[in-house]
Amino acid sequence: MSVASEYLQLQRQSADELVRQHAPLVRRIAYHLMGRLPPSVDVSDLIQAGMIGLLEASRNFTTGKNASFETFAGIRIRGAMLDELRRTDWTPRSVHRKVREMAEVVRQIEIETGSDADDAEVMRRLGMGAEEYHQVLADAASARLLSLSAPDDADGGAAFDVADGDSLSPADSVEHEGMREALVEAIGGLPEREQLVMSLYYEEELNLKEIGAVLGVTESRVCQIHGQAIVRLRARMSGWHEGQEKEGKQRKGSRGR
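In this text, residue positions in the sequence shown follow this note's numbering: the first is 721, and each later residue adds one.
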């Protein structure tokens with residue numbers, strides 16, 4: 721066996737071992753995502769997509785990277801699962817529309833009052849009863865709606881995509897970093913309970929039932945709080961995107977003079 725062939729064989733063995741060791745990570749991420757997806761989504765589809773992501777991660781990981789393999793693989797696994805959800809988007813357009821309308825009302829109220837939008841005022845302006853309002857919040861928490869890294873698409877949906885910082889141009893990198901800073905600021909401005917739910921779900925990776933136990937509320941209530949946070953963030957980040965568009969137009973205008 722040549723040196724090159726031996727090296728390639730060792731690489732394959734190393735990749736196979738990484739896949740075997742981290743297969744449970746795929747299931748953990750899949751079931752965590754399922755906590756905010758409707759029953760129509762098959763967890764086995766997510767696991768299958770995640771295993772492909774894990775396999776790709778095992779082949780592309782180099783020990784020279786700052787991140788551990790688990791961190792590196794987790795990003796690839798989630799990305800593969802979200803690609804699968806994007807490919808088979810199950811969210812009705814009416815759901816996208818209602819959440820978009822709610823976010824706009826929340827934004828207007830917060831501009832007018834300078835404080836967090838009150839549930840009762842949001843319901844009043846939308847002409848919604850409590851039951852419909854809470855259903856929209858649940859939809860916001862479970863659907864592919866939250867557009868924090870990209871503007872809405874033509875159908876009112878949203879991108880899951882978070883750009884790869886290594887592949888961005890210098891100008892895009894500045895904008896991407898600005899978006900991250902704006903998002904951090906927006907999350908920091910959420911009401912305390914909404915901040916806590918976002919932290920427990922996205923950072924600590926607790927599921928809705930576990931978060932309910934921490935807060936002493938029902939799982940459905942956690943879903944509502946999560947939805948409120950998403951709608952509020954969507955409203956606040958839409959203002960940031962508009963500001964970026966205005967700045968871009970101003971820069972183009974000044975260059976054209």
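Among the clues, some could well be false.
Quick list of simulated restraints, FRET-style, between CB atoms [unchecked claim]:
1. Glu790 <-> Gln768: 15 to 23 angstroms
2. Glu832 <-> Asp762: 38 to 46 angstroms
3. Gly909 <-> Asn780: 15 to 23 angstroms
4. Glu901 <-> Arg845: 28 to 36 angstroms
5. Arg748 <-> Glu832: 23 to 31 angstroms
6. Arg845 <-> Pro744: 45 to 53 angstroms
7. Asn780 <-> Gly849: 48 to 56 angstroms
8. Arg740 <-> Thr782: 16 to 24 angstroms
9. Gly847 <-> Arg748: 37 to 45 angstroms
10. Asp762 <-> Leu903: 16 to 24 angstroms
11. Gly959 <-> Tyr922: 20 to 28 angstroms
12. Arg747 <-> Glu824: 37 to 45 angstroms
Calculated from the structure, these hints are not laboratory results. The C-beta atom is built at its ideal place from N, Cα and C for all residues, glycine as well.
Evaluation of the provided hints:
| no. | hint | verdict |
| --- | --- | --- |
| 1 | Glu790 <-> Gln768: 15 to 23 angstroms | holds (20 angstroms) |
| 2 | Glu832 <-> Asp762: 38 to 46 angstroms | holds (44 angstroms) |
| 3 | Gly909 <-> Asn780: 15 to 23 angstroms | violated (37 angstroms) |
| 4 | Glu901 <-> Arg845: 28 to 36 angstroms | holds (30 angstroms) |
| 5 | Arg748 <-> Glu832: 23 to 31 angstroms | violated (43 angstroms) |
| 6 | Arg845 <-> Pro744: 45 to 53 angstroms | holds (47 angstroms) |
| 7 | Asn780 <-> Gly849: 48 to 56 angstroms | holds (51 angstroms) |
| 8 | Arg740 <-> Thr782: 16 to 24 angstroms | holds (19 angstroms) |
| 9 | Gly847 <-> Arg748: 37 to 45 angstroms | holds (42 angstroms) |
| 10 | Asp762 <-> Leu903: 16 to 24 angstroms | violated (31 angstroms) |
| 11 | Gly959 <-> Tyr922: 20 to 28 angstroms | holds (22 angstroms) |
| 12 | Arg747 <-> Glu824: 37 to 45 angstroms | holds (38 angstroms) |
The structure fails to meet hints 3, 5, 10 from the earlier list, while all remaining hints are met.
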